[in-house]
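Those protein sequences? They're chains A and B, same order as listed.
Using the numbering used here, read the first sequence as starting at 652 and increasing by one per residue.
Using the numbering used here, read the second sequence as starting at 130 and increasing by one per residue.
One thing to keep in mind: the hints can contain errors.
Rough simulated footprint, nothing fancy, chain A against chain B, three-plus residues with beta-carbon under 8 Å [to be verified]:
no., region
1, 339 to 351
2, 384 to 398
Computed list of lysine-lysine pairs in DSBU-like fashion (alpha-carbon distance at most 35 Å, straight line) [claimed, not checked]:
no., chain 1, residue 1, chain 2, residue 2
3, A, K788, A, K719
4, A, K788, B, K290
5, B, K271, A, K780
6, A, K731, A, K771
7, B, K271, A, K772
These are calculated hints, taken from the structure and not from any lab test.
All C-beta atoms, glycine included, are put in the ideal place defined by N, C-alpha and C.
Here's the letter readout for the chains.
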Amino acid sequence: MSQVPIIELKNIRKFYGKIEALKGVDFLIYPGEIVGLVGDNGAGKSTLVKIMMGVFPPDAGEIFVEGKKVNLRSPSESRKFGFEPVYQETDLISQLNIWRNFFLGKEITKKFFIAKFLDKKKMRDITSKALDNIGIKIKNPDSDIMALSGGERRSVSIGRAWHFGGKILILDEPVTGLSVKETEKVLEYLKKIKKTGCSVVIITHNIYHVYDVADRIAILDRGTKVAEMRKEDCTPEEIMDIIRGKKKIV
Amino acid sequence: MRMSVLTWLKSKPEFGTFASFLCIFIFFGVFAPRFLTIESIGSMLNMAVELGIVVVGVTLLMTGGEFDLSVGSVFALGNFVFIYLILQNFPIFLGFILAIASGVIIGIINGWITTRFAVPSFIVTLGMLWAIRGFLLFLATKQWWTLYGIQSTFLDVLNGKTFIFYNAVFWFLVLVVIGHIVLENTRFGNQIRACGGDKLNARFMGINVNKLKIFTFMLTGGLAAFAGTTNLSRFRYFHWYLGVGMELEAVAAVVLGGTLLTGGYGTLIGSLIGVLLLSMLRNGMILLGIPGYWYQAIIGAFFIIAMALNIKLRAKR
Ligand SMILES: Nc1ncnc2c1ncn2[C@@H]1O[C@H](COP(=O)(O)OP(=O)(O)O)[C@@H](O)[C@H]1O
Ligand SMILES: [Mg+2]
Numbered sequence: 652m653s654q655v656p657i658i659e660l661k662n663i664r665k666f667y668g669k670i671e672a673l674k675g676v677d678f679l680i681y682p683g684e685i686v687g688l689v690g691d692n693g694a695g696k697s698t699l700v701k702i703m704m705g706v707f708p709p710d711a712g713e714i715f716v717e718g719k720k721v722n723l724r725s726p727s728e729s730r731k732f733g734f735e736p737v738y739q740e741t742d743l744i745s746q747l748n749i750w751r752n753f754f755l756g757k758e759i760t761k762k763f764f765i766a767k768f769l770d771k772k773k774m775r776d777i778t779s780k781a782l783d784n785i786g787i788k789i790k791n792p793d794s795d796i797m798a799l800s801g802g803e804r805r806s807v808s809i810g811r812a813w814h815f816g817g818k819i820l821i822l823d824e825p826v827t828g829l830s831v832k833e834t835e836k837v838l839e840y841l842k843k844i845k846k847t848g849c850s851v852v853i854i855t856h857n858i859y860h861v862y863d864v865a866d867r868i869a870i871l872d873r874g875t876k877v878a879e880m881r882k883e884d885c886t887p888e889e890i891m892d893i894i895r896g897k898k899k900i901v
Numbered sequence: 130m131r132m133s134v135l136t137w138l139k140s141k142p143e144f145g146t147f148a149s150f151l152c153i154f155i156f157f158g159v160f161a162p163r164f165l166t167i168e169s170i171g172s173m174l175n176m177a178v179e180l181g182i183v184v185v186g187v188t189l190l191m192t193g194g195e196f197d198l199s200v201g202s203v204f205a206l207g208n209f210v211f212i213y214l215i216l217q218n219f220p221i222f223l224g225f226i227l228a229i230a231s232g233v234i235i236g237i238i239n240g241w242i243t244t245r246f247a248v249p250s251f252i253v254t255l256g257m258l259w260a261i262r263g264f265l266l267f268l269a270t271k272q273w274w275t276l277y278g279i280q281s282t283f284l285d286v287l288n289g290k291t292f293i294f295y296n297a298v299f300w301f302l303v304l305v306v307i308g309h310i311v312l313e314n315t316r317f318g319n320q321i322r323a324c325g326g327d328k329l330n331a332r333f334m335g336i337n338v339n340k341l342k343i344f345t346f347m348l349t350g351g352l353a354a355f356a357g358t359t360n361l362s363r364f365r366y367f368h369w370y371l372g373v374g375m376e377l378e379a380v381a382a383v384v385l386g387g388t389l390l391t392g393g394y395g396t397l398i399g400s401l402i403g404v405l406l407l408s409m410l411r412n413g414m415i416l417l418g419i420p421g422y423w424y425q426a427i428i429g430a431f432f433i434i435a436m437a438l439n440i441k442l443r444a445k446r
């Protein structure tokens, strides 16, 4: 591809104390592409997500956004670049209702004399519409998050990422822990999102979850990228073998 | 229709406290002589305001998931800085500003230590409570501090008496309204709630948690010192013991009102009711002629019962 990648990570290293979670990883994402980032638990996938989202900086390595070298100092900077996350271990904030969660950090305000106040009506409408778009039926954007099932919560997170994600959606284990039916639903969303031309990174330890939708697949193993291929070039079974460490690669 | 109004009321976290407020109001109205007079209502409000002003800050802070146990000491510090500067012949307005600034600075220190070193604010502000109180003991016990003989329009406006109310009642109510709007209708309010609900998650979504927290500590310190200045304007003397125990009364009023002790949800309307409830209890007991040494025991028992009912009501929703 002759395009400029939206984000390019070069030789990224990250330590947690003595544990080296990423041992010099290169990773890039082109516009409009769906990338499956797969690997066993502990491979370093979530760590890579957090570096792309600016949660913490890498200990070594460089990050380029659309060709320019950057330091991603906080999630709000990454969000400004159009990267939207659905994190693995954290979810929505249960004390805030749906629309407050949806717009957290990106609240819409309107000016009234000198002060800016939340435009609640607009945010409620947009929340309903955005969730409706992706196929999530929410009766009332004022509902408690506590009233939603695990799958519904995940759907709201994905709907939020999709709504705000100008450039890349980064979904860390979006279907882990969901029932079979909920998983199918989320995979449906992913197909819809793919049609819109937004880039998506789907992180998973189960290749079957992404094989259908992915264009390209990268495999992490204990902090190292051990393989990367276009989907056409391999079967899911081969990828499973690589993840399990049965097959050594190119 | 009436049913739905009741359902709506019941769905509010302030409902429990509001209900206790009404019951106790009616109880005193029936049994306490002169309880339902303008003077009595006035004195109830007058007794509530200093604590009330402090509680506005504490509500925002606790919504954000932090504590400030130093507010009683900062209240005393505000009194002290103000009276000290006035007696040093500083322009009174400048003294007022510097007194508030002293509270803001304490707030910044509390917030900075809490966020920078990840020490729980409960600990940091407990230390600050002692540190300031000790400092005042050292500085302020060698002489009488009084503004006797000093005339000042500024002090009269700040907290003179208008009709039967001290002016601070007005500042208090204005602050409650502003606090309510901030919490319900601004980005700051939304993000404070998010920090209190789950600060890791809030940070992951791009919220600058530490900055917000330090800001709410500043606000809390500033308001506690402001309450100190209104207190001084009213009583015109300073004693190092002012504000002892205020921090816990503030927490009590805030949680009585429906703000979560654990953060993530807060209500200024609830806090207003909570503050009034505490001062109504005191006022009612005075009018009933209950001996003063019983007040604490009765308020303590009431507090436990009211909170148990509150929590039960909330679980039902
Ligand atoms: N906050 C942390 N502190 C210490 N070690 C961590 C932390 N987060 C992850 N690790 C370690 O880093 C490695 C990679 O973790 P992670 O990125 O979560 O992997 P994955 O998402 O692929 O399962 C693991 O060995 C994990 O134990
Ligand atoms: Mg992970």
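Status of the hints after comparison with the structure:
1. 339 to 351: violated (count 0)
2. 384 to 398: holds (count 4)
3. K788(A) x K719(A): Distance ~40 Å between K788(A) and K719(A) Cα, so the pair is violated.
4. K788(A) x K290(B): violated (57 Å)
5. K271(B) x K780(A): Roughly 68 Å between the alpha carbons, so the hint for K271(B) and K780(A) is violated.
6. K731(A) x K771(A): holds (22 Å)
7. K271(B) x K772(A): violated (60 Å)
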